[in-house]
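Novice: Based on the hints, put chain B in the right spot on chain A.
Chains as they are written, first to last, in this note's numbering: chain A, 1 to 338; chain B, 1 to 338.
The set of hints was computed from the structure by calculation and includes no laboratory data.
Hints are not guaranteed to be accurate.
As the list makes no split between identical chains, a pair holds if one copy fits it or if it spans any two.
[Claimed, not checked] Straight-line Cα separation of at most 25 Å, SDA-like style, residue types lysine to any residue; simulated pairs: (1) 305 - 201; (2) 337 - 38; (3) 332 - 40; (4) 305 - 285; (5) 337 - 304.
There are 2 protein chains.
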Amino acid sequence: MIDITPILSGERLALSRLLTQIENDTPEGNEALNQLFPHTGQAHLIGVTGAPGTGKSSLVNRLAYAYRHPDDGQPPKRVAVVAVDPTSPFTGGAVLGDRVRMKDLAGDPGVFIRSMASRGSLGGLAKSTAGIVQAFDAAGFETILIETVGAGQAEVDIARLAHTTLVVEAPGLGDDIQAIKAGIFEIADILVINKADRPGVENTERALRGMLNLAHPVRRVFQHHGQIMEVQPTVDQDEAAELWQPDIYKTVATDGSGIPDLVTAITQHQAYLENSGDWVRRERTRLQTELENLLRETLITRWRKQISDEQYQAFLESVFERQIGPIEAVNKLLENKF
Amino acid sequence: MIDITPILSGERLALSRLLTQIENDTPEGNEALNQLFPHTGQAHLIGVTGAPGTGKSSLVNRLAYAYRHPDDGQPPKRVAVVAVDPTSPFTGGAVLGDRVRMKDLAGDPGVFIRSMASRGSLGGLAKSTAGIVQAFDAAGFETILIETVGAGQAEVDIARLAHTTLVVEAPGLGDDIQAIKAGIFEIADILVINKADRPGVENTERALRGMLNLAHPVRRVFQHHGQIMEVQPTVDQDEAAELWQPDIYKTVATDGSGIPDLVTAITQHQAYLENSGDWVRRERTRLQTELENLLRETLITRWRKQISDEQYQAFLESVFERQIGPIEAVNKLLENKF
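Chain A on its own, in the form it takes in the complex:
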């Protein structure tokens, strides 16, 4: 039985220990999460995703700094950063990342940064990430930045944890037709072109704008006899007014250009979520996804305990020898025919 009082009052050492428990999936960690759960649901979760090379880490760093030093006279927010790196299942990339990012924020007690590398399955990583976000939420961090590397399905799944998702691009990556993907667009609330001082920024913006117009028909435009035409929206105007329209923001994380406008856009999205009822809807989707990921992992772990190593190995052998196909093998295993 873990005493959650120090966590709720935001004690760093207790929190740090709990995060390790959660990462290691210990019974104590799970029990603490159960106790902390009623205290969650206050934080604004901001996902930041995009391909390698877009400068996401520096951008997250800048955002954290901006929340700690607001220029609108509001009190600073407590900020947690969860940097998730599913591409690094083996070694200490996460540690290196920590050091690089700590320079600007070191020593600020209102900032807590946690990097996570995938140690086991992807499902395990999604579970730990959700748990760590809950711990930060219960500990009173008002803004939680969830940074994911890459643009695969795994990152999309982790980004779905967030209320507000930033998709980061950079000039020079967009020349491959695979660099900008429809799937990523579907999860973007805000598009960021970082490294916007680099050549090619106009091309990147044009490409993103084109994708936006395709993805969001209320502002669809098309070319007609060489002219760009604005199309009448097929959605009712009043209804359209209530829909969030992702827009493009240009930043240079290395010198801070564009960060204030980006912070404003994030705040506007948060207000939109609250006013439209989308906040509650996203919370539900988020919790359902978390529950189902957890179910999946728990089912396989429990099932595996029902069969001895020898029995399982014998089954694998018959597949290796191509006596039985994997699909048939799974059917037999689940019917306890081993």
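Specialist: What follows is chain B alone, placed relative to chain A:
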């Protein structure tokens, strides 16, 4: 009951239909895969992975062309390409990909290209990919190129299907510390710097070489008083001689530069696998992974049928209301306490 004879004799229309059955996870598709399974295990599976912007598709295209037009007097190999795009869960990126790549290979009956976008879960995609690779294998395609977009865990998992894995980099992506990841290195049998005619290729090669030296201690070098020193291997020389050493190949897929050397390296790796016994070991790992992915998906699908929509929804509500945490909820659900 599907008649597998036309598949085994490589009839394109029958094969194409089967691939759709497999993608749609139909009982007919699964039954056909069970029947085809004893006929698999002949093909050389080559995984090609790397971040967006590295030009993987063009490279795969060139490799397919090279296998169709060998310059060593050997007969051409039948080539299948499976292009997996987990970042595109929603729309027709795969179709666009097909069109772009078909130019050079169109009309060649010895080439079969199949693009797959993720329609459902990632587990589903891994399952379909494994099934489609088996169908190509049974249909007599000797070389199967499995192309995966991005560099996330999902792509790593799919790349593990392969006997030989190529990790593709390109100049200009490596300035982010996240661009080259240890996790990706662990799966690389061959490293490719594509777009090697671009500025910065020396930096990319130096970075990759540095990572290689770290990852593969038998050729570890280090700096000592500013000089590069070769370190005596800690592994026995005879043993080291039998280990495969990933090396770096530079290509320009758009004009074909470097492709013959890359093809030679792939052939050498295949020979190494066969001579060292690694071929059998990799086959086993591959089949075990496939079986376990399948188990995971089947377990959750079956479990979900045991509980009514109303019961499940009521449980979700209690989580949404934060009356019960997700971990506790999963424990109760699996103990049938609903």
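Novice: List in ascending order the numbers of the hints, as given earlier, that are violated by the structure.
Specialist: Going through the list in order, the structure violates hint 1 alone and respects the others.
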